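Colleague: Sequence:
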Amino acid sequence: MYGIIHPSILREPPQMKQISFSQAEFQRKKRRTRREVFLDEMEQVMPWAELFAVVEPHYPKGKRGRPPVGLERMLRMYFVQQWNGLSDEGVEDAITDSQALQRFVGIDLSREAAPDASTVLQFRHLLEQHGLAKKLLEAVNTVLAAAGLMMREGTIADATIIAAPPSVMNQANARDPDMHQTKKGNQWYFGMKAHIGVDAESGLVHTVVGTSANEADVTQTEHLLHGEEKDVFLDAGYVDADKREELKDRDVNWEIAMKRGKRKAVSEESGFGQLLRKLESLKASIRSKVEHPFHIVKNLFHYKKVRYKGLDKNTAQLHTLFALANLMIAKRKLLALDGQVAS
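Those letters in the sequence shown? Residues 64 to 406, per the numbering used here, in order.
No lab work stands behind these hints: they were computed from the structure.
Because the structure is a prediction, the values reported are computed rather than measured.
Any given hint could be a false lead.
To be verified - Using C-beta positions, here's what the derived DEER-type ranges look like: (1) A279 - D312: 15 to 25 Å; (2) T159 - A209: 36 to 46 Å; (3) Q244 - G133: 22 to 32 Å; (4) L172 - V231: 23 to 33 Å; (5) H355 - F115: 26 to 36 Å; (6) V315 - N277: 21 to 31 Å; (7) P130 - G300: 42 to 52 Å; (8) K126 - N277: 13 to 23 Å; (9) S150 - F335: 51 to 61 Å; (10) A279 - N249: 13 to 23 Å; (11) K311 - K126: 31 to 41 Å; (12) N233 - D103: 12 to 22 Å; (13) A279 - N316: 16 to 26 Å; (14) Q107 - A226: 26 to 36 Å.
We put the CB at the ideal spot given by N, CA and C, even for glycine.
All chains should be built: construct the whole structure from the sequences, respecting the hints.
Modeller: Pasting the structure below:
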């Protein structure tokens with residue numbers, strides 16, 4: 064409905080030949096659940112055609128063996144898994160239990176079963192093998208930029224720790240070798256870090272990098288910049304980023320938070336101290352936008368602990384999660400654009 068910008072943003076759910084009695088009864092109920100409202104909204108804002116175009120060249124054509132499950136159905140099932148923080152077995156059970164999810168995915172259980180956990184596993188491995196999760200994020204961002212929702216003049220960079228199982232009670236009698244421990248404050252953590260570069264104007268994520276937890280934030284600064292920004296906003300963990308060899312020639316304005324100890328050394332009663340406090344407060348208010356994507360991924364999508372073994376698999380999942388988080392952040396504006404087009 065967005066013309067040449069976004070022709071598929073209002074795609075209808077996959078239609079089935081004839082609804083069953085249970086589906087007819089479900090559609091006649093008076094109250095819509097929050098899950099139904101969420102799925103209907105995401106149905107409208109997802110750029111389906113662009114996402115299908117990313118995966119379709121690599122998806123099995125069914126020339127040998129049994130015919131594969133339809134790409135649209137698998138992609139929808141994969142997104143349901145990410146939104147709800149489910150395992151491969153968990154998403155199969157959730158779709159079997161919920162008619163709202165069945166309607167979104169396009170499955171009528173009176174005629175067919177939901178794709179099983181092994182099918183979901185194979186689809187996830189397909190995305191990981193060809194690096195498609197990163198391309199899904201790029202496809203979403205291309206659509207959002209074309210709709211005028213993503214600027215490129217400023218970047219905010221930050222990182223968060225994602226916990227990993229520390230137990231060695233497994234077949235290998237060892238922790239995941241890609242995960243490491245790190246100390247933050249007086250607390251030790253074991254896992255990985257999700258580094259993101261966020262558009263300073265809209266708060267949309269444009270870059271995602273996954274590393275082990277012991278990797279210093281400042282070492283990833285170069286990879287979190289897209290190269291077109293004029294201003295870069297960083298917290299105190301990135302002090303002296305502008306002096307690093309790979310970044311010292313960048314023609315940008317570095318807005319890096321002052322370390323707490325250094326700031327406390329300046330008297331707040333003096334004129335300079337009050338001005339410094341206001342300046343740091345202003346920079347912090349801009350940097351706060353980077354917390355919204357983390358909140359969506361960790362709290363709304365329930366991604367507080369890694370599910371898979373290995374850095375590559377978990378980084379691929381992070382690309383998908385932040386692509387979906389971008390659509391959540393831009394949802395209201397996209398729906399408002401739809402209202403303008405419809406009128």
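Colleague: A separate judgement is required for each hint: does it hold in the structure or not?
Modeller: Verification of the hints:
Restraint check, A279 to D312: a C-beta distance of roughly 21 Å satisfies the suggested window 15 to 25 Å. The hinted window of 36 to 46 Å between T159 and A209 holds, with their beta carbons roughly 38 Å apart. At about 43 Å, the beta-carbon gap between Q244 and G133 misses the expected band of 22 to 32 Å. Under the hint 23 to 33 Å, the C-beta atoms of L172 and V231, about 41 Å apart, miss the expected range.
For H355 paired with F115, a C-beta distance near 28 Å keeps the hint of 26 to 36 Å intact. Look at V315 against N277: about 28 Å separates their beta carbons, and that is inside 21 to 31 Å. Taken as a hint, the range 42 to 52 Å holds for the pair P130 and G300, whose Cβ atoms sit roughly 51 Å apart. Checked against the given bound of 13 to 23 Å, the beta carbons of K126 and N277, roughly 46 Å apart, lie outside it.
Checked against the hint of 51 to 61 Å, the pair S150 and F335 passes, with Cβ atoms roughly 55 Å apart. With their beta carbons about 18 Å apart, A279 and N249 fall inside the hinted range of 13 to 23 Å. For the pair K311 and K126, the supplied restraint of 31 to 41 Å is violated, since their beta-carbon distance comes to about 54 Å. A C-beta distance of roughly 41 Å is found between N233 and D103, which places it outside the suggested range of 12 to 22 Å.
A hinted range of 16 to 26 Å for the beta carbons of A279 and N316 is consistent with their spacing of about 23 Å. Under the hint 26 to 36 Å, the C-beta atoms of Q107 and A226, about 34 Å apart, fit the expected range.
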